[in-house]
Amino acid sequence: MNRLLENRNFLGFAFMLPAAVLLLLFLTYPLGLGTWLGFTDAKVGRAGVWVGLENYIYLYGDAVTRLSLFNTLFYTVVASVIKFALGLWLAILLNQNIPLKSFVRAAVLLPFIVPTALSAIAFWWIYDAQFSIISWALVKLGWIDTYIDFLGQPWAARLSTIAANIWRGVPFVAICLLAGLQTISPSLYEAASIDGAKPSQQFWYVTLPLLTPIIAVVMTFSVLFTFTDFQLIYVLTRGGPLNATHLMATLSFQRAISGGALGEGAAIATAMIPFLLAAILFSYFGLQRRAWQQGGSDK
Amino acid sequence: MERKQLAMAAVNLKGVFKSFGSTRVVHGVDIAIADGEFCVLVGPSGCGKSTLLRMIAGLEEISGGEIEIGARVVNQVPPKERDIAMVFQNYALYPHMTVFDNMAFSMKLAGESRQKMRERVEVAANILGLMEYLDRYPRQLSGGQRQRVAMGRAIVRDPQVFLFDEPLSNLDAKLRVQMRTEIKELHQRLTTTSIYVTHDQIEAMTMADKIVVMNEGRTEQIGTPLELYDNPANLFVAGFIGSPSMNFLRGKLVKKEAGMQMQMADGLLMPVPASASQEGREVVLGVRPEHLLVRDDGVRAGVVVVEPTGADTQIFCKVGGSDVVAVVRERHEFKPGEAIRLYPELTFLFDPSSGARL
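Line by line, the protein sequences give chains A and B. Sequence positions in the first sequence follow our numbering and run 4 to 302. Sequence positions in the second sequence follow our numbering and run 168 to 525.
Any given hint could turn out to be false.
Stated by the list, open to error - Just some of the chain B residues that point at chain A, by a computed CB distance under 7 Å:
#1 L226
#2 P246
#3 M253
#4 A259
#5 H263
#6 F267
#7 F272
#8 S273
#9 L276
#10 K351
#11 T391
Claimed, not checked - Computed beta-carbon distance windows for the label pairs:
#12 P212/A x G278/B: 16 to 24 Å
#13 R11/A x G477/B: 27 to 35 Å
#14 P157/A x E228/B: 38 to 46 Å
#15 R281/B x P244/A: 57 to 65 Å
#16 E235/B x Y287/A: 26 to 34 Å
#17 A109/A x E228/B: 25 to 33 Å
#18 I101/A x E228/B: 13 to 21 Å
#19 N5/A x G477/B: 19 to 27 Å
#20 L279/A x G278/B: 40 to 48 Å
#21 P503/B x A182/A: 53 to 61 Å
#22 N242/B x T231/A: 53 to 61 Å
#23 F206/A x M298/B: 29 to 37 Å
What the hints assert, rightly or not - Calculated pairs, SDA-like style, for lysine to any residue (alpha carbon to alpha carbon, straight line, at most 25 Å):
#24 K143/A x E233/B
#25 K275/B x L181/A
#26 K181/B x E248/B
#27 K143/A x K247/B
#28 K143/A x Q133/A
#29 K104/A x E228/B
#30 K201/A x L227/A
#31 K201/A x K247/B
#32 K201/A x K181/B
#33 K423/B x F403/B
Bear in mind the hints are in silico, worked out from the structure with no lab data behind them. All values reported here derive from a predicted model rather than from experimental measurement. Backbone N, C-alpha and C fix where the C-beta goes; we use that ideal spot for every residue, glycine too.
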């Protein structure tokens, strides 16, 4: 026993075991189970049998699933682009010398700290057909006559959920990009200003290229979070009206848990994986690796 | 670089001061730097030398006074229009650009043709031996090569004035000596007015046509390297210039039959410069380590440590109660505790309270 405790290999294995068990039990097993369920006709209360690609073939022809795919892509693309633009803008503002700098920086993080379900309920009120503060303000300003039905019309609902997602996601992007901005040596800007670069040129030739590695990482995470969003939609619209805001994650939940069609729901969830992988690979190969970061070797 | 001959410029600072909020870091500095001169601003860290350089570059606002470059007051002129180039302590190379692009960046912004960019960059790269590195990124270069690229970027701009902000302090000792020579050679070749900031008095002594010694935001003395060495204006300059630094001994002037001498607290007598007068006056006597000779008619000293460096020998000893260093050419094998005699062949006298030379 004592000899065993002095064996490096055994000790290494023993120390790794708890982490490995956790990962296997709570990550690998559910992922495997989900993928497997996608190939079965499992229902709640009934173990499924292997049906091959039948679920996928059915879903491919299913209009609601197709709509949810469109919604997810639209939601992800629009929200991510705006989050990036706003986040970068905010990061640059926060990187200046402004009064109460650290207080403002902390305040910016606020939407990120508030639990999503709570902020979603707040948005639910803001978007309420009768009590919306936005509609009230616009009416008082005399810009509109009738209250806007934010969550009752398909496109209004899509844009409203996107706005809520942006509000919640911008701080993450802004704070990460701010951290990135702070790694850029101020002397580079000084050198650039002596070289004759105007502020816009400094941004284009110095800030942006040096920020790309961080942008790649941050936007990959942002896209992943947005693509798999669930809480916000579930609280605000539950996928309505007329499935107009159903994302793949909410549809998967609806089919599998509420609807009981475990196999079908699992198949929708599994169908998200290729998109997520594509986003990761895009950022990995397209944005993150640059020759100037690699140093050392002669090329 | 031919067209340069006409375009060089003198730099004049007139009563320049700088405050950050209520703290003043540069107190009214006057420096005249002639056309083509290599001027070194030297002083301990925090003396305001870098701030002054950054004010000349336009990176730091001028709180008061005037800065002229080539007879033009530049107080309100943005950096890019001052016709200067700056070499930064951390080189400030753009990490995402190749050596070529780094050097050509200013021309790219100015909208020069590719052809002209290549010509000018190649001239500079040839001078600095960078031709084979033009396609590399800064990260793939050694410290010395990066330093050269930073200088190349300055040369390409063909400015009226070169500004160097402690450019060698990130290099190892050997490379620093080598680059020192290279920068001096480069200046002899281009003869562009240069202002160089360093805290290293050896760099200042070896490179400068003119040295400005700064301390606490003021200029202590301006002069050629040898003027400062031979004729320090005050205690600060005397202690700052020279290595190892000058020994200082306190005492009182007394008149003996051999003439004026300085008597230290423990009664030891030291010879003083012929100019000394005012018997009874408290003084600080300065003597450089290299001006102390081991001689029988010298002052008694107790050896503490002997450090042979090969070329010369440093003897750390006690004279009276004070620590004194002597540097002698001949090789001695003194033991710690041994009593020797040191003769100061050249001494300086300073006023203990104001620090001014007497």
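Each hint, compared with the structure:
1. L226: holds (5 Å)
2. P246: With a minimum Cβ separation of about 5 Å from chain A (threshold 7 Å), the hint on P246/B holds.
3. M253: Result: holds, 5 Å to nearest chain A Cβ.
4. A259: holds (4 Å)
5. H263: With a minimum Cβ separation of about 4 Å from chain A (threshold 7 Å), the hint on H263/B holds.
6. F267: At about 13 Å, which exceeds the 7 Å cut-off, the nearest Cβ of chain A leaves the hint on F267/B violated.
7. F272: Status holds, d = 5 Å.
8. S273: holds (4 Å)
9. L276: holds (5 Å)
10. K351: Violated: closest Cβ of chain A sits about 23 Å from K351/B, beyond 7 Å.
11. T391: violated (29 Å)
12. P212/A x G278/B: 16 to 24 Å: Taking Cβ atoms as reference, P212/A and G278/B lie about 20 Å apart, which means the hint holds.
13. R11/A x G477/B: 27 to 35 Å: violated (50 Å)
14. P157/A x E228/B: 38 to 46 Å: Since the Cβ atoms of P157/A and E228/B sit about 56 Å apart, the hinted range of 38 to 46 Å is violated.
15. R281/B x P244/A: 57 to 65 Å: holds (58 Å)
16. E235/B x Y287/A: 26 to 34 Å: violated (54 Å)
17. A109/A x E228/B: 25 to 33 Å: Hint holds: Cβ distance 30 Å, inside 25 to 33 Å.
18. I101/A x E228/B: 13 to 21 Å: For I101/A and E228/B the Cβ distance comes to about 19 Å; the hint holds.
19. N5/A x G477/B: 19 to 27 Å: Violated, since N5/A and G477/B (Cβ atoms, about 58 Å apart) do not stay within the stated range.
20. L279/A x G278/B: 40 to 48 Å: Check passed, 44 Å falls within 40 to 48 Å.
21. P503/B x A182/A: 53 to 61 Å: holds (56 Å)
22. N242/B x T231/A: 53 to 61 Å: Holds, at about 57 Å.
23. F206/A x M298/B: 29 to 37 Å: Check passed, 32 Å falls within 29 to 37 Å.
24. K143/A x E233/B: Violated. K143/A to E233/B sits at ~58 Å, over the 25 Å cutoff.
25. K275/B x L181/A: This hinted pair is violated, its Cα atoms lying about 28 Å apart.
26. K181/B x E248/B: holds (20 Å)
27. K143/A x K247/B: Given that 25 Å is the threshold and the Cα spacing comes to 52 Å, the pair is violated.
28. K143/A x Q133/A: Roughly 14 Å between the alpha carbons, so the hint for K143/A and Q133/A holds.
29. K104/A x E228/B: holds (22 Å)
30. K201/A x L227/A: Distance ~36 Å between K201/A and L227/A Cα, so the pair is violated.
31. K201/A x K247/B: holds (9 Å)
32. K201/A x K181/B: violated (29 Å)
33. K423/B x F403/B: violated (30 Å)
Figure legend: structure checked against the earlier numbered hints; hints not met, in rising order: 6, 10, 11, 13, 14, 16, 19, 24, 25, 27, 30, 32, 33.
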